[in-house]
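*Asks:* Here is how the chains run, residue by residue.
2 protein chains.
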Amino acid sequence: MNGADILCDTLLANGIDTCFANPGTSEMHFVAALDRKPDLRCILGLSEGVVTGAADGYARMAEKPAATLLHLGPGLANGLANIHNARRANTPMLNIVGDHASYHLVHDAPLTTDIESLARPMSHWVRRVANAADVGRATAEAVSVAMTPPGQIATLILPADAAWNEAEQAPIRAERLPAWRPGEAKIRQAADAIRRGMQSGSDTVILMSGAALRGEALLTAGRIAQATGARIMAQQSNARVERGAGRVMIDRVPYAVDRALACFARTAQVVLVGAKSPVAFFAYPGKPSSMLPEQCRVVEMAGPGDDLSSALSGLADLLGVRDRVAPAVGERCAPDLPGGALTTATIAQAVAVLSPEGAILCDESVSSGREFFPASYGAAPHDFLQLTGGAIGLGLPLATGAAVACPRRKVIALQADGSAMYTVQALWTQAREALDVVTVIYSNRRYNILHNELKMVGAGAPGHNARRMLDLIDPALDWVHLAMGLGVEAARANDATQFNDLLRAAVASRGPFLIEALI
Amino acid sequence: MNGADILCDTLLANGIDTCFANPGTSEMHFVAALDRKPDLRCILGLSEGVVTGAADGYARMAEKPAATLLHLGPGLANGLANIHNARRANTPMLNIVGDHASYHLVHDAPLTTDIESLARPMSHWVRRVANAADVGRATAEAVSVAMTPPGQIATLILPADAAWNEAEQAPIRAERLPAWRPGEAKIRQAADAIRRGMQSGSDTVILMSGAALRGEALLTAGRIAQATGARIMAQQSNARVERGAGRVMIDRVPYAVDRALACFARTAQVVLVGAKSPVAFFAYPGKPSSMLPEQCRVVEMAGPGDDLSSALSGLADLLGVRDRVAPAVGERCAPDLPGGALTTATIAQAVAVLSPEGAILCDESVSSGREFFPASYGAAPHDFLQLTGGAIGLGLPLATGAAVACPRRKVIALQADGSAMYTVQALWTQAREALDVVTVIYSNRRYNILHNELKMVGAGAPGHNARRMLDLIDPALDWVHLAMGLGVEAARANDATQFNDLLRAAVASRGPFLIEALI
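Chains as they are written, first to last, in my numbering: chain A, 1290 to 1808; chain B, 1290 to 1808.
Careful: at least some of the hints might be erroneous.
A pair counts as met if it fits within one copy or between any two copies, since identical chains are not told apart.
[What the hints assert, rightly or not] Below, simulated DSS-like cross-link-like pairs (lysine-lysine); rule was C-alpha separation at most 30 Å, straight line:
1. LYS1744 with LYS1353
2. LYS1475 with LYS1353
3. LYS1744 with LYS1565
4. LYS1565 with LYS1576
5. LYS1576 with LYS1353
6. LYS1475 with LYS1744
7. LYS1326 with LYS1576
8. LYS1744 with LYS1576
9. LYS1326 with LYS1565
10. LYS1326 with LYS1744
11. LYS1475 with LYS1326
Source of the hints: derived by calculation from the structure; they are not laboratory data.
Only chain A is shown next, with the shape it has when bound in the complex (with noise of 0.2 Å):
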């Protein structure tokens, strides 16, 4: 056998039998052996932000990493901004990055480029492989670094001959690092804080994020709410959170500075589950950092890494919260659909109402998406994904990927055109894998959401040079003809009903399906 068979024979002895890719030369021989692995499912990508993203969104559903596949520095470059993502929702991720043979390398042919350097600033952990010998340990300690808890970036520099030259390894199963029990003295301190909050009738937030925001973590805490008082909340971006009837409500950090203030403006202890404490997503001249109060107290009692679900249930064993105690939970909507102009509010309101159970919620929809979170409390169980490190371009990739994790679910992009744009080939991949995703594109045909930016540093109005850096006019886009160039089926909404016949349509039926929403 040769390294690349070592590699694929280790990943899937692994447990990780799907990756992303797009090859180039530097990869063949990893192509080459997919002919002799049929458990490993390898999907294409057009482009490698649509490989990582992809990747990204397999992870957060499967709960496992995906593996990407990419081309010498050129091509990890391209997926870089989806990896750094990645990295802040805490996703498992695996990338091989082939290079050229490791003799060719001081020859500096076109493609050489210096992968370490790009690789390092979006990974946990980069390692360049020796030889074929040292596939299978280089594998292994990959899947096991991107297996820590909550989840890391591994890059694996796989040089040519790596892969061709012939090496004999049994597959290495990777150590598997188990989550922090967090410490007592922690949770006693968060216990401390609330009580605090409870005795002086001042406002106490638990903050979460990561696993926190699921299952029985997220009931724990709901009940602990319920029980103190204590206001639960989650981040600004998480990378999956339950939400909709008979899930805990829990309300996010908003993104506007102003109204993040607000939020936070009485509160006097914060206690960090999963969470970072809250910080402006950009600087605006003359606003704070800071999202917290000067003299609010941080008590961070668990970090991302930690066992949230024994952190939480800790605390509310310190707390003397019962097991009986009811959170709040969504009550299911009604289903009244909304006529009319199309709007960002209707189309909240249609998805909340027509969004099946166990849907898959991607959510990259920037300005436009803000009314759904508050409407859809209300909406059948479904997942909720974030696009948690602000680099656009994560939404329709991050469906694909998360349809391939869940085959049986349906998949819901609500997709901001600006953003769809940067990794708009993602369709292609959706039709070639037929795939259950229908993406909203919210198409107002603009960077929206640099129209309030622009106000809030003060940059003032823009003129006719500015706004064409801001608008997506002259020509517009043409989501319906962009689709089908990628062979998905799409349609264009007009109005309310319109986009609700399309999307009841869309949900009642299996594939991937595009809507333009003009709004």
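Following the hints, complete the assembly by docking chain B onto the known chain A.
*Replies:* Relative to chain A, chain B alone:
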């Protein structure tokens, strides 16, 4: 004035009046400043690969840098592949990467990244602006670095507060370094090598790139070849070659290793004029990395940053080559257009016949365009721009930038379908700016080169799984719909006559047009 004003004024004072951009919040003050700087033409690209690739195409034709405006680390990352190509083309380029306000970085907001680490592998120079008062000097330095012969990549990191804070600064003129005049000793060595070839009857190659492939320099090289029997050759890939009828005929080093080895099999001496010693693009098992015979003597007469024209005339003088020696030049090809099936050969012939004088041919045809170079010695005089760094996704942006630089010349993009998908968003910029670009998509519905490479690396014949990584079918891309979605008129050619008619019509009219050539 604020830092953004100073930045714009410094660019304009140094003749940089074109900026390709995809801005975000941290760049809003630059965008606002555009309304006060009507002389600065700012052009929006819908993904950063478009932005940086267009800046490359612009600079290759304008012989001065364009600025790019990129949004933090992820925006830079998205543009790196085409910065890599620009670097390999020795293109002058000035990247402005916005970053968070300096005081905000410590808070590790979601978009915070290590921009320096990302920038360094593709940049000759990276500098972070300290504050608003530093903007003028930093920008002038960046211009100076970018314009250092033969052209360099300067990356300037601009914190948002440096852009929005006030300062006073008259525009600083950037220092301009001239091209080095290569030393007499080197020229003498080159002359000796060529004389040795003449005396011994052995093969001598003058291998050229950069400015040696244009104007007087190319003419002088042609005369030297004619007088001495030395072969002149161009590197495999070059930023810009002047070609066509009446221009010195110069072949290029083949991409395929066996053909490149055959090309130099009997070469005893190579004189490098702005070129690198030829190496294989990729390594292949059992094949050498260097394309030259072991005993071949290599004289580097002039490096890429040297004054190649003066080096060649110095060489001609030493060799006693007179001005009246007539070099071998291309003869205008017969105006015969092929009929029948549409093939890469018929496309090559049609483009050679129908390209108007002064056309700019942007070549990212990858495997499909190999017939074009030999078929077009007799085309009307034109410039020929290539993919220099091997990072696919340059072609459409390159054509976009070249058309911005030369609004009175026809740009024809010879474009492989797989590569085109990387930066297909460029078509929208062509539509918005009404650029005079005809795009020919070689629609073979596969990464055709990888079928060859799979064989070349000895990985065998592709089976079902491997083919799914190599073929762009299930579904096929529909380029006419894609182009229409992006606002560009398009049509499909199924046979040679249809192609000829479409190309003739597209050449005769103005504005962007795309031909999907089904081959």
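*Asks:* Tell me, in ascending order, the numbers of any earlier hints that this structure violates.
*Replies:* Checked against the structure, the hints that fail are numbers 1, 5, 6, 9 and 11, while the rest are satisfied.
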